[in-house]
Amino acid sequence: MLDAHSLSFIYASLMALAILLYAILDGYDLGVGILLPTDDEAHADTMIASIGPFWDANETWLVLAVGLALIAFPLAHSMILQALYLPVTVMLIGLIIRGVAFDFRAKAKTKRKSMWNKLFKIGSIISAFMQGYMLGLYVMSFETNVLAITFAVLSGVGVVAAYALIGAAWLILKTEGKLQLDAIRWCQVSTRMAFFGVIAVSAVNPVINHSVYERWFTSDIFLLILPIPVICLALFVLLDRILGQLKSQPDVGVWLPFLISSVIFVLCFFGILYSFYPYVVPGKLTIFEALAAPESLNFLLYGVIVVVPTILAYTAFSYRVFWGKVQPLSYY
Amino acid sequence: MLDTLLLSRIQFAANISFHILFPTITIALAWFLVFFKVKYDRTQHPVWLRAYRFWVKIFALTFALGVVSGITMSFQFGTNWPGFMEKVGNIAGPLLGYEVLTAFFMEATFLGVMLFGMKRVSPKVHTLATIIVAVGTSLSAFWILSLNSWMQTPTGFEIRNGVVFPTDWFAVIFNPSFPYRLAHMLLASGLTAAFLIAGVSSYRLLKGDDKKAPQLTLKVSLTVAALLAPLQMFVGDLHGLNTFEHQPQKVAAMEGVWETEKGAPLLLFAIPNEQTKSNDFEIAIPNMASIILTHEKNGEIKGLNEFPNATPPVKPVFFGFRIMVGMGLLMIVVALYFRFTLWRNDTLAPWQLKALVAMSFSGWLATLAGWYVTEIGRQPFLVTGVLRVEEAVTPVASDNVLLSLIAYLTVYVLLLIAYIRTLFYTADKSVEVEEYQRPSIEENVYA
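Protein chains in written order, with my numbering: chain A, 1 to 332; chain B, 1001 to 1447.
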């Protein structure tokens, strides 16, 4: 039996892992949706085929992340979700529309297909924007003044750009020909947008959040944590150069943009974690205060220890099955 | 005035009613797919593959609707019912956690292989993926019904400082009503899927589809329905007896028993009147309710008067129960009689096919009616004897809840229309496909 302190740490880490995996995995799904062309059905088909076998499992990481918050930190779960009541509703409706459009666009009447394509794109944009918007409000401690809302909108746009970036990087990896060249172009645009987004959010955050400022700039380990933003920004520059090269040689290092954008996601995520740890609700509740009963969390931990490695193993299996350039999806 | 409590209840009811429609189909449809696929592997007869291919499309669509409508549930515990997790989160949390960990990821990941991997993995691995998806959907039912049953008949816990703590996980998971509710729900899923398959197959036959696949799926689904429908009556009866033992106030509402009585009649019809605390327009079989519930002619049934301040609203429970039982009886008659016709004549008459088309969604009606009986019958408690509904509700402003409710309802109504239309449109398209035609690019899922 583990004590409450270790359990807080374990469950907070698991929740962080689930959120990070969600952002990367559903991030590329939503990114592909954001980038979906409305005037080129063949490309739209290929793009959606590239995420078809994965999106459902990817979205499950969100259920796990929210589930872990609900299970381990129920007080934080209800405080955060009540503060974000309407944005959560809008995001969920976005996810519903995106999720069902996947199937309806393929099975509904031909004349309705372009409507479902548009709904797929709109659902993806709404979900991505609302996730960023909620992240912004979270960073601003759920205040509702003009400054906080402006910051949240900025953050929403930033997340749309970031998802478009990783979505385009995924397409570079999975597609060929003209679509791949398009993806390289989209990736370049969204890299630059995400770059400015990250800089803006990182600059504004410590200015308006005093505790975040202290955490970063008056810390003893300033030199240890400095590499996080430095490497992150360097990776953006590197990515931009690689994309430039890919334009002329689209076969060399196709996996690099996806790898680099994943690392950027990881670094940004660590930056946010470092800014707020050990708070789970900024300024109000730490992971050590909000914990559910240790006997319940120990009971679930047996499952976690056995099942999470299994999940990672069969996820890897699934990616291996669908390895390589995308082929038209068929049920056969 | 619509307050947050009422709106939150309507919203949760709408969400969970919409959600349950799709798992009710997929839990059993997954096993039908396993059957079709294994049959094909064994016989290599293309008709089994055609059956599989048609129904896997319906499965994918239904599953997607189940997934997206399920995600909203995990958020609503926090947004609308924070008191639920505060009070019983130590029990509910791990059960939900095990559902996500052992069922959701497995279903979702292998669904990809099952839907799109047939050319990429060996036939054995593909059949295995289909089986894993089916196991996953059933496991999901296991965990969520365990939690629901615990809310009905809580055991294995103690209350310290007003919060519920687990003392015996085995008693929590296998609480008294769980085995009955799980069996009842799995059979309900089997019947829902069977009547859906029978209805859509009949629709194709009526449209002039002379291929073997719809005839075959009609036969398989009617066979399953003829086996499960009588079994469901038996299990439902056991479930009712279990409820009589553990939640007598629910049974009192189901049977319309206001005052405790011996030799209670079975009400075939009545209109319960909450004001006069009696029934109007009764049509009854004397002593029958006592015989069913106690197996004695003059057995005692506790009336609603025994449970002051703890009685559920009578009308919805009373009528819900009669709709469920009525649908169940109709299913038994139709399944047995039509299956017999099929055995005698090898084909069904057009009126029989039309009747089956009309009953395509009869499982939905019976399942929803049954859930309304059991969930409304638990009122005014969220967790019987432990937590009342009004204690759990959110402090969020009612305007916000009204907005979210309208948004959800609009989306749900549109999606339900789109789902049913697409289902029959898929059937229409399959009519035009030549028998045993090689899969063509037009049949691509996302193309």
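Be careful, since some hints might not be right.
A partial selection of chain A residues facing chain B, derived with a Cβ cut-off under 7 Å [said to hold, decoys possible]:
hint : residue
1    : 89
2    : 99
3    : 108
4    : 226
5    : 288
6    : 292
7    : 311
8    : 312
Mimicking DSS-like on lysine-lysine, the simulated pairs with C-alpha atoms at most 27 Å apart in a straight line are [said to hold, decoys possible]:
hint : chain 1 : residue 1 : chain 2 : residue 2
9    : B       : 1262      : A       : 109
10   : B       : 1211      : A       : 118
11   : A       : 113       : B       : 1207
12   : A       : 113       : B       : 1315
13   : B       : 1211      : A       : 109
To be clear, the hints were calculated from the coordinates, so they are not data collected in a lab. The beta-carbon is built from N, C-alpha and C at its ideal position, and this holds for glycine as well.
How the hints compare with the structure:
1. For residue 89 of chain A, the suggested interface contact is upheld, since its CB lies about 4 Å from the closest CB of chain B, less than 7 Å.
2. At about 4 Å, the closest approach between the beta carbon of residue 99 of chain A and any beta carbon in chain B falls short of 7 Å, and the interface hint on this residue holds.
3. The interface hint given for residue 108 of chain A is met, as the beta carbon of that residue sits about 5 Å from the closest beta carbon of chain B, less than 7 Å.
4. Interface hint status for residue 226 of chain A: violated, as the beta-carbon distance to the closest one in chain B is roughly 36 Å, over 7 Å.
5. A distance limit of 7 Å between C-beta atoms decides the matter here; for residue 288 of chain A the minimum to chain B is near 17 Å, and the interface restraint is violated.
6. Proximity of residue 292 of chain A to chain B holds as hinted, the smallest CB-CB distance being about 6 Å (cut-off 7 Å).
7. Nearest Cβ of chain B to the Cβ of residue 311 of chain A: about 5 Å, under the 7 Å cut. The hint holds.
8. Contact between residue 312 of chain A and chain B, as hinted, is not supported at the beta carbon level, the nearest pair being about 10 Å apart and thus beyond 7 Å.
9. A threshold of 27 Å between alpha carbons decides the hint, and for residue 1262 of chain B with residue 109 of chain A the separation of about 60 Å lies outside it, so the pair is violated.
10. This hinted pair does not check out: residue 1211 of chain B and residue 118 of chain A have alpha carbons roughly 36 Å apart, beyond 27 Å.
11. Of the pairs offered as hints, the one joining residue 113 of chain A and residue 1207 of chain B holds, with about 24 Å between alpha carbons and a cut-off of 27 Å not exceeded.
12. As the CA atoms of residue 113 of chain A and residue 1315 of chain B are separated by approximately 44 Å, the hinted pair breaks the 27 Å bound.
13. Note on residue 1211 of chain B and residue 109 of chain A: the hinted pairing holds, with a Cα-Cα distance of about 23 Å set against a maximum of 27 Å.
Hint check: violations occur at hints 4, 5, 8, 9, 10 and 12; the rest are consistent with the structure.
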